[in-house]
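Read top to bottom, the protein sequences are chains A and B. Position one of the first sequence corresponds to residue 0 (numbering that gives the first Met the number 0), numbered consecutively onward. Position one of the second sequence corresponds to residue 0 (numbering that gives the first Met the number 0), numbered consecutively onward.
What the hints contain is simulated information worked out from the structure, not anything from laboratory work. Take these hints with a grain of salt, some might be off.
20 Å max Cα-Cα, derived PhoX-like pairs, lysine-lysine [what the hints assert, rightly or not]: (1) A:K127 with A:K174; (2) B:K77 with B:K87; (3) B:K29 with A:K109; (4) B:K30 with A:K109; (5) B:K176 with B:K210.
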Amino acid sequence: MSEFLEVPHDRYALIADVVRRFDDAHYRLGKTALQKIVFLLQRSLWVDIGYRYTLYTYGPFCADVARDLDAVEAFGGARISNDTGFGGYQIHAGPTNDEIRGQSSEFLQKISGALDRLVADFGGLNAKELELRSTLLYLMGPELSREELVQQVHDVKPHFSSAVIRAALQELEGKTYADTATRSAT
Amino acid sequence: MVRLAALLHDIGHAPFSHAGEDVMPSLPGKKKRFDHEDYSAAIIRRLFAEVIDNHPDNLHKITTEELCAFLGQGRPPKNMLFWRELIKGQMDADRADYLLRDSHHIGVAYGRYDLHRLVTTLTVAPHPETEEPTVAVEEGGIQAVEGLIIARYMMFTQVYFHHTRRAYDHHITEVLKFVLERSYRDHDERPLQTFLPPESGAVDESTENLKRCLAWTDPMVWDLIDSSKAGPHGELIRLRRHDRVVARTSATPTPKEVLELQRDILPKVANLGAWLDLADSAWYKFDKAGIFVTDGKHTYELPERSAVVKGLEPFFQARIYVPVDSEERANMVLQ
Numbered sequence: 000m001s002e003f004l005e006v007p008h009d010r011y012a013l014i015a016d017v018v019r020r021f022d023d024a025h026y027r028l029g030k031t032a033l034q035k036i037v038f039l040l041q042r043s044l045w046v047d048i049g050y051r052y053t054l055y056t057y058g059p060f061c062a063d064v065a066r067d068l069d070a071v072e073a074f075g076g077a078r079i080s081n082d083t084g085f086g087g088y089q090i091h092a093g094p095t096n097d098e099i100r101g102q103s104s105e106f107l108q109k110i111s112g113a114l115d116r117l118v119a120d121f122g123g124l125n126a127k128e129l130e131l132r133s134t135l136l137y138l139m140g141p142e143l144s145r146e147e148l149v150q151q152v153h154d155v156k157p158h159f160s161s162a163v164i165r166a167a168l169q170e171l172e173g174k175t176y177a178d179t180a181t182r183s184a185t
Numbered sequence: 000m001v002r003l004a005a006l007l008h009d010i011g012h013a014p015f016s017h018a019g020e021d022v023m024p025s026l027p028g029k030k031k032r033f034d035h036e037d038y039s040a041a042i043i044r045r046l047f048a049e050v051i052d053n054h055p056d057n058l059h060k061i062t063t064e065e066l067c068a069f070l071g072q073g074r075p076p077k078n079m080l081f082w083r084e085l086i087k088g089q090m091d092a093d094r095a096d097y098l099l100r101d102s103h104h105i106g107v108a109y110g111r112y113d114l115h116r117l118v119t120t121l122t123v124a125p126h127p128e129t130e131e132p133t134v135a136v137e138e139g140g141i142q143a144v145e146g147l148i149i150a151r152y153m154m155f156t157q158v159y160f161h162h163t164r165r166a167y168d169h170h171i172t173e174v175l176k177f178v179l180e181r182s183y184r185d186h187d188e189r190p191l192q193t194f195l196p197p198e199s200g201a202v203d204e205s206t207e208n209l210k211r212c213l214a215w216t217d218p219m220v221w222d223l224i225d226s227s228k229a230g231p232h233g234e235l236i237r238l239r240r241h242d243r244v245v246a247r248t249s250a251t252p253t254p255k256e257v258l259e260l261q262r263d264i265l266p267k268v269a270n271l272g273a274w275l276d277l278a279d280s281a282w283y284k285f286d287k288a289g290i291f292v293t294d295g296k297h298t299y300e301l302p303e304r305s306a307v308v309k310g311l312e313p314f315f316q317a318r319i320y321v322p323v324d325s326e327e328r329a330n331m332v333l334q
């Protein structure tokens, strides 16, 4: 029907793999964190999975990612539980996680380095911290100065002080995520 | 701003709405196509600027650039981000409307739910993970939002992803490719099978592209089909000889099941003109994620508070179609 029509095995495998990696590293993965990790993968590390993100008050969000997570859960690749103590959701690998990842092993192999990097750099952050960093990268562009960007993010997220936004930006620059993002379009 | 966005957000639809989406050109260097929202923003920017920016009743000095940004095409205007959820969210005005409208026009009851109750129980609550303000439903509105989700599920399975309707979507897409290609040929242009891109780099060229896209309307394409000028797929529509399903997965298949359909079964009938259709590729989706309920203290995703919604499994059926003339042979091959 469409030249872009592909059975989304790679997308399911990506989600299953992120879930597995967070489990293995003993990091907590919620729905927001998953959204932001996939966003960072696409935006800063140039892995084009075909997701299109829109910015909301809670940061960049893509309904297709949410839908794919639902699918992976229905296939048994992930278990999602509500954890009121944690303030949201916890996603863990389900019984068919290996099978789902195994169906796109070549694709996962290709992006393995990028995912290693993302989990190491962002795995320990909570949903709010990820939301701030992904919003910074979403709004970043070559036409904005550093201070204009900080102001834009502050406008969108007034409860984050300019100092906190600046620190997050500095961290992204230090890890070279900001350099790559400025070259891409939202 | 919200009212203008609501009014104009779908103005970029091709003839036959989402069926024309597969005839939009690819985004430069991406695995995705432009979509109707890209066309909507470009049309607003190129063709509505004069009307909106200089309108005497535009007391709030809303600009087309702000409007496009609000619709998701750029940086959002200050203090407007929250309102985007009403136009482009999991429970937005469009989704609330089209279920009821489509049900009415099609003559089915599947899409009906208690809109009034839903609207009166809408509220603002902190997002369960980020605590940012988001649209939610009060506890007293759970039954209304359950009604919305069930309506969405029924409309998806019984209308939007109905096997015959999807066959006609396919034929309409092929018709559009044919008539576009012929039209470009008639103008001695490169015979593309897509609409012209909404943004081509040059302002004049983009404006001209958009005007040419807008000139394509449903009645114009119907006329071409009626007068047998819409190619082989136009004839299939005219004669009601749509493609037929010869294989399908279960409604919620395992990944292995989909893989078998795609890699083992499809090649066996590929020479008969078979094609694969996925619920995942349909524009209208059955979504239940990202809808929030609040009890005033905490915010929850709907399935956490509704056993009915939690029990609805995602619908991911995949199907193989063949032309009607090949149906018998395909069934023999696949027996």
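So, going through the hints one by one against the coordinates:
1. A:K127 with A:K174: 19 Å, holds
2. B:K77 with B:K87: 17 Å, holds
3. B:K29 with A:K109: 18 Å, holds
4. B:K30 with A:K109: 17 Å, holds
5. B:K176 with B:K210: Holds - the C-alpha atoms of K210 of chain B and K176 of chain B are around 18 Å apart, at most 20 Å.
Taken one by one, the earlier hints all hold for this structure without exception.
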